[in-house]
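**Student:** Sequence:
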Amino acid sequence: MIAAVTLALGLSAWHEHAERAGALVSGTLLREPRPVADFVLTGDDGRPFTRTDLAGRWTVVFVGYTHCADVCPTTLSLLKAAKSRLGGEGERLTVLFVSVDPERDTPDSLRRYVRYFDQGFRAATGTVETLTALGRQLGFVFFRNAAADGEAYGIDHSAELMLLDPKVRLVGYLIPPFRIEALAADFETILGKRVAP
Numbered sequence: 005m006i007a008a009v010t011l012a013l014g015l016s017a018w019h020e021h022a023e024r025a026g027a028l029v030s031g032t033l034l035r036e037p038r039p040v041a042d043f044v045l046t047g048d049d050g051r052p053f054t055r056t057d058l059a060g061r062w063t064v065v066f067v068g069y070t071h072c073a074d075v076c077p078t079t080l081s082l083l084k085a086a087k088s089r090l091g092g093e094g095e096r097l098t099v100l101f102v103s104v105d106p107e108r109d110t111p112d113s114l115r116r117y118v119r120y121f122d123q124g125f126r127a128a129t130g131t132v133e134t135l136t137a138l139g140r141q142l143g144f145v146f147f148r149n150a151a152a153d154g155e156a157y158g159i160d161h162s163a164e165l166m167l168l169d170p171k172v173r174l175v176g177y178l179i180p181p182f183r184i185e186a187l188a189a190d191f192e193t194i195l196g197k198r199v200a201p
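Residue numbers (this note's numbering): 5 to 201.
These aren't lab readings, by the way, just hints derived from the structure by calculation.
Just so it is clear, the structure is predicted and the values come from calculations on it, not from any experiment.
Incorrect hints may have been included.
Unchecked claim - Using 27 Å as the maximum straight-line C-alpha spacing, the simulated DSSO-like pairs for lysine-lysine come out as follows: (1) Lys171 - Lys84; (2) Lys197 - Lys84; (3) Lys171 - Lys197.
Could you build all of it, start to finish, from the sequences and the hints given here?
**Tutor:** Okay, here's the thing in structure tokens:
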């Protein structure tokens, strides 16, 4: 279901008219970086989290939620492994997990969740309205599934990774399924790129 959402909604809605500059092993780079307008989320420390918090570093954005049973923990584990392959260079890369489940994902639960995978991973969430607006900028979608009696609700969400440069501009996407070696190669590629003005 998540793969279908990614392909049918997230990718088609945002990438249909995107001019692409070149392929990565796991995805593609946009021909022209797209500036990300300011936003205000709540970080895993309980403080406001804005685009300023991402300035100066390459960032990989992944959306999900802590009650996700498969795609989220698998992807975060792969990101941890791929980042580790880079050695010290991996410290130049920020992984940001954006929760699309603000009702259940508190700053404390988000902090514990992402730190389980990597002490350097960051997390943030916001209101549904704020997350929807950010999704329009970055090209991700999400929607809540109705819960059956006695069962917790689920959330379908895009599964691609969004790449932001140190000037907080959207520069590309990585598309599942992911492999550690391919992700590590793509991270090396973007870390080696000169940031155009």
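**Student:** Each hint should be assessed against the structure and marked as holding or not.
**Tutor:** Each hint, compared with the structure:
no. : hint            : result
1   : Lys171 - Lys84  : 23 Å, holds
2   : Lys197 - Lys84  : 21 Å, holds
3   : Lys171 - Lys197 : 13 Å, holds
Violated hints are absent here; each numbered hint is respected by the structure.
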